[in-house]
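Since the structure of chain U is provided, determine the placement of chain B on it from the hints.
As given, the protein sequences belong to chains U and B, one line each in that order. Quick note: the first sequence, position 402, residue 402 per full-length UniProt numbering, numbers continuous. Quick note: the second sequence, position 88, residue 88 per full-length UniProt numbering, numbers continuous.
Quick caveat, the hints were computed from the structure, so don't treat them as lab data. Careful: at least some of the hints might be erroneous.
In the EDC-like style, the derived pairs of lysine to aspartate or glutamate whose C-alpha atoms are separated by at most 20 Å in a straight line are [unchecked claim]:
(1) B:K53 x U:E717
(2) U:K726 x B:D66
(3) U:K678 x B:D108
(4) B:K62 x U:E717
(5) U:K593 x B:E2
(6) U:K726 x B:D58
(7) B:K51 x U:E601
(8) B:K53 x B:E2
(9) B:K53 x U:E710
(10) B:K51 x U:E709
(11) U:K20 x U:D105
(12) B:K53 x U:E601
(13) U:K724 x B:E59
(14) U:K726 x B:E59
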Amino acid sequence: MLLAVLSGLIISLLIIPFGKLLTTKWSFLLTILPASLFLYFMSYVPAISAGSSFLQHINWIPSLGVDFDFKLDGLSLLFALLITGIGTAIFFYARTYLKGYIFFDRFFGYLCLFMSAMLGVVLSDNILLLFVFWELTSISSFFLIGFNNDNSDSRKSALTALSVTGLGGFFLLAGLILLGNIAGTYTISELIDARELILNHELYPLILGFLFLGAFTKSAQFPFHFWLPGAMKAPTPVSAYLHSATMVKAGIYLLARFSPILGGTDYWNYPLMAVGGFTMLFASIHSLFRIDLKGILAYSTISALGILTFLIGLGTREAIIAASVFILVHALYKATLFLVTGIIDHETGTRDITALGGLRKVLLPVSIAGILAALSSAGLPLTYGFIGKDLIYEATLHTDYQTLGWILNAVAIATNIGLVAAGFMAGIKPFVGTLPKQFENIHLPYKSMWIPPLILAILGLVFGWFPGPVGDFINHATANAVYGSETDMYLKIWHLNIVLILSVATLLAGTLVYFVNKPSPSKLKAIEKLNSIAPQRIFRGYANDIMRFSRWYTDLFHNGYLRSYHLKIILFAELLLAYKLWISGPITLDLEKITTPSFYEIGVIVILIGALYIVVTTPSRLTSVVAMSVIGYCICLIFVFYSAPDLAMTQFTIDTLSTVLFVLVLYKLPSFINHTGKAILYRDGIIALSFGVIISLIALRVWSEPISEEIANFYGENAYILAKGKNVVNVILVDFRGIDTMFETVVLSIAALGVYSLIRLRLKSTEKE
Amino acid sequence: MELLLIILLGLLYAAGVYMILRRSMVKLLLGIMLLGSGTNILIFLLGGITKGKPPVIDENAKIFQDAFADPIPQALILTAIVISFGLTAFAIVLLKRVYALVNSDDLDDLNTPEEEDI
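Just chain U, with the same shape it has in the complex (with noise of 0.2 Å):
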């Protein structure tokens, strides 16, 4: 499994270097790694429906409770095998859909990461390996929303959808550490033998909380939905991919592995109805008012979300069986719809169902996907999307709540008429009715991209006659995984009772509201300004402020001013050193340790600070060249009365050749400007005395600590033995520590090279030597 789960990620490296390869005709060899995966997940379906599941557990940071734990349960692999399964028909419809596309290899790169990170969010079974692909996911998903990387509302869509799903992400690490800590285990087995544990302790409320911060923002439950929408400016395969099967699901994903670890208390079931069933009823109404193809199928999705939230919140057996159901039927329909949309876009070149009709025409195939793909988002009996609502139907009407379960009945009757109207908008009206003209010379695209929407279809439909086998073999395992324990679900073509009068009622009124209701711009203005009850604008806010800070930040500290950063640096050097200076103590003065200057010692000193106070004042060039060489010499002087004779030749030395190098070179430059006014000199000669004062008085307390002289004697002693030199400083430099003046010289020799292209070099024809 650990292979399955990096080879994505292995494959995505593999792009880079070999990339341009695979733009050719070689690039179906990428579709060949979501195949096999799929193929190897299908293998394990036999074993699993049986009621076994599979570990594998590699050491990664035991120390940290993070090994590479995985685990394949009903749950982890209905959604491995929709993850490769939808990922292949993604594959194949991609490499048409984005021919030519320049960067075409980076596009498969994310998307390769992408499925691996999906893989490694359903196949974790340690919480904090979880947590490392939940957040692949969201920054490979940012890649991918904001392929179009040259559009701004692209580029602004991927930064929101990854500051939502990443904000989000950080509450549920949060809650995953807390949760771990209780149980004392990061492993996802385990935790629920702790599970009475976890429930009683105190922070268990807090847990939760953090916990669906994160499904919520990653699912596009309201209020932080409306990055989805937003997101909806990738490439339609992103989208099909992202928002059918994986990215989105993964928040539903996380409740699902949590529900019989943390579920089955009120403070799991009513949050997750509330939430689930006002987004899924506030999404499938807004559904209705979209114009764009593309914004249809976001806010169903969004609805069917908040179906799957509220289900899981109800925590029934029937409601855990319909959402173990409902998840692979809305991957089915909706990867379709998406792809089908993706083909109308890229032929017609509009996505306005206002202006899209009788397309059947032309674009038979996609067609009947579209519309196979509609009928069974409404629940039409023979298709696998009536049984998923009409379990869901079951799940709503056998609730032990009592008034409480009719008003949950009607919320999951009104958003289903809402899903129906929406999915006939989304696949059928594109493809009823005339034909416009300009629409008359458009020709099927390659088969590679309607066979993957028509096999989904299809198989949406297939499912639909055998829901037994396909139950039996796909979701009984699933929905016992999210259960807990044992479900007894079988599932039938249809069961005459309540349920069924329901399902047909919905889809009359379904139908009903698709002929009623025709989207307009100006409506669809009025149904947005619901979208101001939702936290966007805060967000949006935040977004901003953070901009604001950032440039005001930049401003200050990267004005582009040498002398502005040299300020700042010193001040901060200067807060630092005062402050260690202070906790360090007073300073004692020893002072036996001080010796008397001689007058000529006192001389040179004051020679010195003369020559200083010169060189900052003057305004003439060549006077404070002058200067500073008197400094130099006062220097030299000092190491000759101080024992230091070869310190004194080297500085002697270096003095005059700088003097000399600098009045050859220089004694064409005028005399300094004063462009800076006098307060600006206060307060930088106030900074420079005080950054003077604090050395000092490092100085001062370094000076007053006693002095190792082991160092000092080992050089002395030696010196003769071990090198025959007498000269110590002589034999530290070229002999104990040789290879480090051998350095130094490399270092002169390069200086001398720059300084003799730099003399060399003309840049402008008119330059003089």
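Relative to chain U, chain B alone:
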């Protein structure tokens, strides 16, 4: 004497900092040189200053017969002086190049419009 040197190095640092806060490129370079000199004195002082006893072994002896000045700070400073000369020489020539190109000694004139747009 030590106290005088401590005051002196404080002044060298202060003057160096003051100079690198100026707009002129030459002053910037002078400031860096002053900071270097200040640091040399600092190391020299902290190694303990000794009068009239250079770390050179007598001609007839194999090891020191008497106390001697610490050779390590001296070795360090010697390296520092030489390296700072490399820096100074390079910077002086660079300044000349810059002056030849932009005809100014003002650091602010080096901020090209492209950079300001960022």
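Item to check | Hint check against the structure, violated hint numbers in rising order | outcome: none
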